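Asks: As a plain string of letters, each chain reads:
2 protein chains.
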Amino acid sequence: MFKPDKELIKEFAKLAIVNGVNVQSGQPLVINAPVEAYELVRECVKVAYQQGCEKVTVNYNDDVKTRLDYENMSENELANVPNWQIERKKYEIEKATCYLHIIGEDPDLLAGIDPVKIKASSLARMKAMQPYQYYTMNNIGQWSIIAYPNLAWAKKVFPNKSDDDALQALWDAILYTSRVELDKTLDNWDKHNKEIHDHSKIMNDYNFKSLHFKNSIGTDLTVGLIKDHIWEGGYDISKGEFPCRFNPNIPTEELFTMPDRYHIDGKVVSTKPLSYNGVIISQFSLTFKDGQIVDYDALDNKEVLKNLIEMDKGTKSLGEVALISYDSPISNSGILFYDTLFDENASCHLAIGACYPTNVKGGTDLTADELYELGGNDSMEHVDFMFGSNDMSIVGLTYDDKEVEVFKNGNFII
Amino acid sequence: MFKPDKELIKEFAKLAIVNGVNVQSGQPLVINAPVEAYELVRECVKVAYQQGCEKVTVNYNDDVKTRLDYENMSENELANVPNWQIERKKYEIEKATCYLHIIGEDPDLLAGIDPVKIKASSLARMKAMQPYQYYTMNNIGQWSIIAYPNLAWAKKVFPNKSDDDALQALWDAILYTSRVELDKTLDNWDKHNKEIHDHSKIMNDYNFKSLHFKNSIGTDLTVGLIKDHIWEGGYDISKGEFPCRFNPNIPTEELFTMPDRYHIDGKVVSTKPLSYNGVIISQFSLTFKDGQIVDYDALDNKEVLKNLIEMDKGTKSLGEVALISYDSPISNSGILFYDTLFDENASCHLAIGACYPTNVKGGTDLTADELYELGGNDSMEHVDFMFGSNDMSIVGLTYDDKEVEVFKNGNFII
Numbered sequence: 000m001f002k003p004d005k006e007l008i009k010e011f012a013k014l015a016i017v018n019g020v021n022v023q024s025g026q027p028l029v030i031n032a033p034v035e036a037y038e039l040v041r042e043c044v045k046v047a048y049q050q051g052c053e054k055v056t057v058n059y060n061d062d063v064k065t066r067l068d069y070e071n072m073s074e075n076e077l078a079n080v081p082n083w084q085i086e087r088k089k090y091e092i093e094k095a096t097c098y099l100h101i102i103g104e105d106p107d108l109l110a111g112i113d114p115v116k117i118k119a120s121s122l123a124r125m126k127a128m129q130p131y132q133y134y135t136m137n138n139i140g141q142w143s144i145i146a147y148p149n150l151a152w153a154k155k156v157f158p159n160k161s162d163d164d165a166l167q168a169l170w171d172a173i174l175y176t177s178r179v180e181l182d183k184t185l186d187n188w189d190k191h192n193k194e195i196h197d198h199s200k201i202m203n204d205y206n207f208k209s210l211h212f213k214n215s216i217g218t219d220l221t222v223g224l225i226k227d228h229i230w231e232g233g234y235d236i237s238k239g240e241f242p243c244r245f246n247p248n249i250p251t252e253e254l255f256t257m258p259d260r261y262h263i264d265g266k267v268v269s270t271k272p273l274s275y276n277g278v279i280i281s282q283f284s285l286t287f288k289d290g291q292i293v294d295y296d297a298l299d300n301k302e303v304l305k306n307l308i309e310m311d312k313g314t315k316s317l318g319e320v321a322l323i324s325y326d327s328p329i330s331n332s333g334i335l336f337y338d339t340l341f342d343e344n345a346s347c348h349l350a351i352g353a354c355y356p357t358n359v360k361g362g363t364d365l366t367a368d369e370l371y372e373l374g375g376n377d378s379m380e381h382v383d384f385m386f387g388s389n390d391m392s393i394v395g396l397t398y399d400d401k402e403v404e405v406f407k408n409g410n411f412i413i
Numbered sequence: 000m001f002k003p004d005k006e007l008i009k010e011f012a013k014l015a016i017v018n019g020v021n022v023q024s025g026q027p028l029v030i031n032a033p034v035e036a037y038e039l040v041r042e043c044v045k046v047a048y049q050q051g052c053e054k055v056t057v058n059y060n061d062d063v064k065t066r067l068d069y070e071n072m073s074e075n076e077l078a079n080v081p082n083w084q085i086e087r088k089k090y091e092i093e094k095a096t097c098y099l100h101i102i103g104e105d106p107d108l109l110a111g112i113d114p115v116k117i118k119a120s121s122l123a124r125m126k127a128m129q130p131y132q133y134y135t136m137n138n139i140g141q142w143s144i145i146a147y148p149n150l151a152w153a154k155k156v157f158p159n160k161s162d163d164d165a166l167q168a169l170w171d172a173i174l175y176t177s178r179v180e181l182d183k184t185l186d187n188w189d190k191h192n193k194e195i196h197d198h199s200k201i202m203n204d205y206n207f208k209s210l211h212f213k214n215s216i217g218t219d220l221t222v223g224l225i226k227d228h229i230w231e232g233g234y235d236i237s238k239g240e241f242p243c244r245f246n247p248n249i250p251t252e253e254l255f256t257m258p259d260r261y262h263i264d265g266k267v268v269s270t271k272p273l274s275y276n277g278v279i280i281s282q283f284s285l286t287f288k289d290g291q292i293v294d295y296d297a298l299d300n301k302e303v304l305k306n307l308i309e310m311d312k313g314t315k316s317l318g319e320v321a322l323i324s325y326d327s328p329i330s331n332s333g334i335l336f337y338d339t340l341f342d343e344n345a346s347c348h349l350a351i352g353a354c355y356p357t358n359v360k361g362g363t364d365l366t367a368d369e370l371y372e373l374g375g376n377d378s379m380e381h382v383d384f385m386f387g388s389n390d391m392s393i394v395g396l397t398y399d400d401k402e403v404e405v406f407k408n409g410n411f412i413i
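Just so you know, the protein sequences line up as chains Y and E, in that order. For what it's worth, numbering that gives the first Met the number 0 labels the leading residue of the first sequence as 0, then goes sequentially. For what it's worth, numbering that gives the first Met the number 0 labels the leading residue of the second sequence as 0, then goes sequentially.
Worth flagging that the hints you see were computed from the coordinates, not collected in a lab. Predicted, not measured: the structure shown is a model, and the values here were computed from it. The beta carbon of each residue, even a glycine, is placed where N, CA and C say it ideally should be. Mixed in with the good hints, there may be bad ones.
As a list, the in silico DSS-like pairs of lysine-lysine whose alpha-carbon atoms are at most 27 Å apart [what the hints assert, rightly or not]:
{"#": "1", "chain 1": "Y", "residue 1": "K2", "chain 2": "E", "residue 2": "K5"}
{"#": "2", "chain 1": "E", "residue 1": "K54", "chain 2": "Y", "residue 2": "K126"}
{"#": "3", "chain 1": "Y", "residue 1": "K89", "chain 2": "E", "residue 2": "K54"}
{"#": "4", "chain 1": "Y", "residue 1": "K193", "chain 2": "Y", "residue 2": "K9"}
{"#": "5", "chain 1": "E", "residue 1": "K5", "chain 2": "Y", "residue 2": "K94"}
Partial selection, computed: residues in chain E whose CB lies under 10 Å from chain Y [what the hints assert, rightly or not]:
{"#": "6", "residue": "V34"}
{"#": "7", "residue": "K45"}
{"#": "8", "residue": "Q49"}
{"#": "9", "residue": "G51"}
{"#": "10", "residue": "K54"}
{"#": "11", "residue": "N60"}
{"#": "12", "residue": "V63"}
{"#": "13", "residue": "N82"}
{"#": "14", "residue": "K88"}
{"#": "15", "residue": "K94"}
{"#": "16", "residue": "Y98"}
{"#": "17", "residue": "Y398"}
{"#": "18", "residue": "K401"}
Work out the full structure: start from the sequences and follow the hints.
Replies: What follows is the structure, encoded as C-alpha cells:
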C-alpha cells in the first residue's frame, strides 16, 4: 500500500508553509486540500502554528464526490453559489488571510459530463468570486500551490504501473520537481529563486516591444508586450497587511510577463494537452488578429475549448506569456503530468484570460479599467496552455527596432 | 493495515442514508465527518444521490488538527465565530437540509488543555448557534449520527491490541451494535424499531408522575416527569418540509422522556466515565433539590464538571431521562466505548441541559418560554451521562399514587 515517507512529508510541509505561503506571525491561513492528503495537511498545520499562524482553517475537497455532484445535481443547483460562501471570502480577505492550495486532480474527472453543466457551474462560481479575484491576482495576501498524488491522476500519468507503484512514482516525481531533499529543500529553493531572479533582470533590461515565436509544427506568432512590463518568476512579494516573500507555485521554472492585448498576431499550436474543468483538450491551435482569437481548432473536445473562448470579453485574448527552456528539470523528467502546475513549467506557455497586474510597473495601483485600457487583458478566467517545443525560436524586437535572439532550439541563449 | 471491507461500508452507508437521515427526493444533505472516514462518506454520497438528494455537502473535520488548534490558538480566536458560519446555518435551514453526523473522536482529545480555553470556545459556538438549535431539537429536519473508528479512539477502547487490530475491533463493534449485516441491515432495523415503539406505548399508557431510581452504589433519586410526557425511542418523524421517518441515533436502545425540572430530588452516582469536550470526567455524583443541582463531586476533572454545571441557567437541571435494560446488546458486548452514542445505549442515563420538545404532547407548538414554564428544561447544552447498573431498581408512581415496578436488577420487568 502507498504510504509516503513521513520525513519527506514533513520536509514538503516545511517547504509549503515556510517558502510557499510563508505565513506570518498573527496571520490566518486557509488550506484547500484533497481529502487523501490529510497526513500532509496535518504536518502543514503543525508548521504553520510553529510560524505563529493565528488560525488554520482546512477545506477538504474530494474528486470522487465532485464527479458524483456533476452526474446527479441539476444545472441550476450546480450554478447556485450560496451567499455565505461570498461572506466567507470577504471575511478571509478582511483578516488578510494567506492561502495554501494542495492540488491533485483526476485529469479525466469530468469526462463525459455535459459541457453545458460544467460551464454553468464554473461561470457562476467565477462571477460570484470576481470581486475578490484582485486579492490573489495582485498578491495582496500570499498564496501557494503544491501537489499531492491521487490514484486516478497517478494512473493517468503512469498507466502501465500498478496502483501503488503509480502513486509512489507520481509522489517521487512531485518531490523531485519540487526540489524536496531531506534537510536541503530550503537551500535548494534559495538558490533556485536567485537564478530565476537573475534571469528576469536580463529580460527586464532589454524591455522588448514584442516577441516572435516560430517552430516547425506551425507556430508563427508575434506577441506584443506591454510598455514597462515586468518579467517575474520564482518568489513574489505580498503587498497587504503582511508583506513578505512567498513562492506561489511549487514547482516553478517560468519567467512570465504581460502581453499587450492589442498586439497579438499569427497562429499558435499547442504541444501538450490541456486539462480544463476536468476535460482534456488535445492538439489545438489558436489564430490571433489584433490581439483577438479569430479562429481555433482542436482534435478532441473542441466544444469545451469553444466554451472557454466564449466565456467573457477577455477569453478571446491573452493575459500571460511565459518562457521556459525546453531543457528544464520537469521537461527532462519526460513525464507528462496532465496538470498545469507541472506541465506549464516544462514548456513555454500562454494564458487565455486575465493578466497579472504585477507584470507592469505601477500595475497594482491601477483600476481594472485603467489596466484594460493600457492593454492588460481582463477576464474571470486564467487558463495556461503549453506550446514550447525543442525547435522553438524566439526573437525579441526592441523599441529601437533591433532583433535579439532569445531562444534557439527550444532554449534560452541570452 | 486496517482496510474495512467494501461491502460492509456500502451496507453501513445504506443504513445511514436510508434509515438514518432518510434523505428525501429534492432535499439537500449535509454530512459532517472525520477525514479518515472519506471512503464511507463517498458511499453515503452515492446512496444519497440514488435517493434523489438535491445536493450533498461534506464538511470534514480532523481531531489531530483540532488538538493543534487548542494548543496554539488564543482564547479570543477560539471563541470567535465568524458571521459566515451563522449565514451558512441559516441557509441550510431555509433549504430544509437534513444532517448526517459521522463521529469518531479521541476521548482524550483535549486532555491537558486549559479548561478556560475549552469553555470559551464551546460557549461561543453554542451561543452563536442557539437560535438554530430548535431545528434539530424539534426534529424539523431529519438528522442522524453514526460512528467510524479512528486510531486514538480505537486504542483507548482496546489498549492492548496492535493499531490495526484495535481499529478492526472497534469497526467490528460499531457494525455489530449498529445491527449491520450484509443484506439484512434494513430488515434488522425495521424489527428493532417496532420493538422499541411497542415498549414506548406501554410506558406512555402508564403516564407515570415520577420515577424512583435506587441501587447499591449510592443512587437514590426521584425524577418527576412532565404531565403528558411522551416516551420516545427508535425512529422519529420529522416535522418540516420533508416529513418522514428517520433514526437519529445508530445504534439506539433507549426509551427517553422529559423530566420535570421543578421535581428532581436526591443523589445520582455515575457508572461510566463521561467524555465531555475531549476530557474524561470519571466517578462523579450529583445531588438535586427541587430540580436543581445543589452539590457535586468527581474523582477526575471536577473543574470541567463545574464548567458544565455553571454554563447557563439550564445546566443545573435535567432535560432527559432514558431507560435501557442492563441486558442490552451494547452492554452485553462488555465494551466501554468512551463515547456517548454507544455508552448511553448500554445504561440508563440522564442529560444535563435542554429537553426535547417532542417529549411532551404539543411541545413543538410551544415557545421556549412556555415550555420552560411547564417544566421543560432549557439550555445551550445537552450532555448525557450514564448511571445504570446491574442492580438498579426503578419504581414508577402513577397519578393515583400507585407504585409500579418498572426495573428490577437492572432490567425492564413490565
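Asks: For each hint, tell me whether it holds in the structure or not.
Replies: Verification of the hints:
| no. | hint | result |
| --- | --- | --- |
| 1 | Y:K2 <-> E:K5 | holds, 20 Å |
| 2 | E:K54 <-> Y:K126 | holds, 21 Å |
| 3 | Y:K89 <-> E:K54 | holds, 24 Å |
| 4 | Y:K193 <-> Y:K9 | holds, 24 Å |
| 5 | E:K5 <-> Y:K94 | violated, 43 Å |
| 6 | V34 | holds, 4 Å |
| 7 | K45 | holds, 6 Å |
| 8 | Q49 | holds, 9 Å |
| 9 | G51 | holds, 9 Å |
| 10 | K54 | holds, 5 Å |
| 11 | N60 | holds, 9 Å |
| 12 | V63 | holds, 5 Å |
| 13 | N82 | holds, 6 Å |
| 14 | K88 | holds, 9 Å |
| 15 | K94 | holds, 9 Å |
| 16 | Y98 | violated, 16 Å |
| 17 | Y398 | violated, 50 Å |
| 18 | K401 | violated, 55 Å |
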